[in-house]
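2 protein chains.
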Amino acid sequence: MSDATGHRPGEAAIALPETYDAGLYFIGRIRTPWATRGECPKNGLKTDAVCSLTVDAPFSEALQNVEGASHLIVLYWMDEAARDLALQRPRHAEGSRGTFSLRSPVRPNPIALSVVELLERDGSTLRVRGLDCRDGTPLLDIKPYFATTDSRPGATVDRAGTAAR
Amino acid sequence: MSDATGHRPGEAAIALPETYDAGLYFIGRIRTPWATRGECPKNGLKTDAVCSLTVDAPFSEALQNVEGASHLIVLYWMDEAARDLALQRPRHAEGSRGTFSLRSPVRPNPIALSVVELLERDGSTLRVRGLDCRDGTPLLDIKPYFATTDSRPGATVDRAGTAAR
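Chains as they are written, first to last, in the numbering used here: chain A, 1 to 165; chain B, 166 to 330.
Please note that the accuracy of each hint is not assured.
[To be verified] Distance ranges between label pairs, derived from CB positions:
| hint | chain 1 | residue 1 | chain 2 | residue 2 | range |
| --- | --- | --- | --- | --- | --- |
| 1 | A | His92 | B | Ala258 | 42 to 48 Å |
| 2 | B | Gly288 | A | Asp158 | 18 to 24 Å |
| 3 | A | Arg83 | B | Leu210 | 28 to 34 Å |
| 4 | B | Ala258 | A | Pro153 | 48 to 54 Å |
| 5 | B | Asp323 | A | Pro33 | 28 to 34 Å |
| 6 | A | Ala81 | B | Ser289 | 31 to 37 Å |
[Stated by the list, open to error] Incomplete in silico selection of chain B near chain A, CB under 8 Å:
| hint | residue |
| --- | --- |
| 7 | Ala200 |
| 8 | Asn208 |
| 9 | Arg272 |
| 10 | Ser316 |
[What the hints assert, rightly or not] Output of the computed footprint for chain A on chain B, the stretches with three or more beta carbons under 8 Å from beta carbons of chain A:
| hint | segment |
| --- | --- |
| 11 | 173–181 |
| 12 | 185–198 |
| 13 | 223–234 |
| 14 | 261–269 |
| 15 | 274–287 |
| 16 | 305–315 |
Hints in this document: simulated from the structure, not taken from any laboratory. The beta carbon of each residue, even a glycine, is placed where N, CA and C say it ideally should be.
Start from the sequences and build out the full structure, keeping to the hints where you can.
In structure tokens form, the structure reads like this:
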């Protein structure tokens, strides 16, 4: 149940600043089989779907050499997400959680991140596996994934809120 | 050697759009031992330095439960980076490379990403290991790192530009 602001009990709002500190360009779009958020898989490993990253002019020349990476980090903009929640009540958890402890799209800067497998480049389109977002989602950045710096197979997350350290 | 635009031979510029598509809030700052870009280590694994993420009001309440993660993904804004290069000539490589094949801070949306080890939370400050950026760098987002979706120990990058697939 939500109140007039769309917030559920236990959720806490952020009074967002009146102005932005920096600006973003949408460099292209993500094409996926999922037309609405409700259809999207829980994460990109829950599906074998091949999705596409289409990079628009004037940014497409920057794709040169990208085929050298087996995996990419894709940053994209969750344009339908609210930005004003400090505490959220995820469906899988009891009680409220801080936004920065969650991968929810709802966050002050709704930048999502997925690690994808690069299958093919066809001009300014990359075919990839591992995305979970809505068709038409704005694309922000593409980076090569380096196992040496980006992979932490032993990382843990204790959903009860206390790290096993 | 650079021309009047600051570009080196072989580099290609992007004619950036006149307006932004979305706006960002700086949620805090990153405190590191490095006052200038020239002092920064090549990447966050080349140093044992403990750095701090200081989250400002009104965003700090969103840190609740973040201690549950052993590792975090930190997104930050490379505020000194140019944004208009499609092809770059990195010092370590021969010839030009596409921006999206590089982790250079120079990119249309200069959002950097580091995976860090979370050592301690002290109120609205997180002490972490694994950063390589300038002191005072604007902070954009903090996310828990999930080994299941974010770790790809077998990922490869062929710097010659062709993936070993």
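Quiz prompt | Pro153 (chain A) and Ala258 (chain B) - C-beta distance against the hinted 48 to 54 Å | solution = Given a distance of about 28 Å, which is not inside 48 to 54 Å, the answer is violated.
Quiz item: Checking C-beta pairs, does the segment 305–315 of chain B have three or more residues closer than 8 Å to chain A?
Solution: This one holds; 11 residues, not fewer than the three required, reach chain A with a Cβ under 8 Å.
Exercise. With a C-beta cutoff of 8 Å, work out whether three or more residues of the segment 173–181 of chain B approach chain A closely enough for the coverage to hold.
Key: Holds: 4 residues of the segment 173–181 of chain B have a Cβ under 8 Å from chain A.
Quiz item: Within the assertion that chain A covers the segment 185–198 of chain B, do at least three residues meet a Cβ-to-Cβ distance smaller than 8 Å?
Solution: As far as the segment 185–198 of chain B goes, the hint holds, because 8 residues have Cβ atoms under 8 Å from chain A.
Quiz item: Going by Cβ atoms only, is Ala200 (chain B) closer than 8 Å to chain A?
Solution: 21 Å, violated
Quiz item: CB of His92 (chain A) to CB of Ala258 (chain B), is that within 42 to 48 Å?
Solution: 44 Å, holds
Quiz item: Do the numbers back the hint for Ser316 (chain B), that is, is its least Cβ distance to chain A under 8 Å?
Solution: 5 Å, holds
Self-check item: Per-stretch coverage check for the segment 223–234 of chain B, three Cβ contacts closer than 8 Å to chain A
Solution: holds (count 11)
Exercise. Check whether three or more residues of the segment 261–269 of chain B sit with their beta carbon closer than 8 Å to a beta carbon of chain A.
Key: holds (count 8)
Practice problem: Note whether the CB distance of Asp323 (chain B) and Pro33 (chain A) lies within 28 to 34 Å or breaks it. | Solution: About 30 Å separates the Cβ atoms of Asp323 (chain B) and Pro33 (chain A), which means 28 to 34 Å holds.
Exercise. May I ask you to test the hint 18 to 24 Å on the CB atoms belonging to Gly288 (chain B) and Asp158 (chain A)?
Key: Between Gly288 (chain B) and Asp158 (chain A), where Cβ atoms are some 20 Å apart, the hint holds.
Quiz item: Quick one, is the Asn208 (chain B) hint okay against chain A at 8 Å, beta carbons?
Solution: At about 5 Å, which falls below the 8 Å cut-off, the nearest Cβ of chain A leaves the hint on Asn208 (chain B) intact, so it holds.
Checked against the numbered hints given earlier, this structure breaks hints 4, 6, 7; the rest are met.
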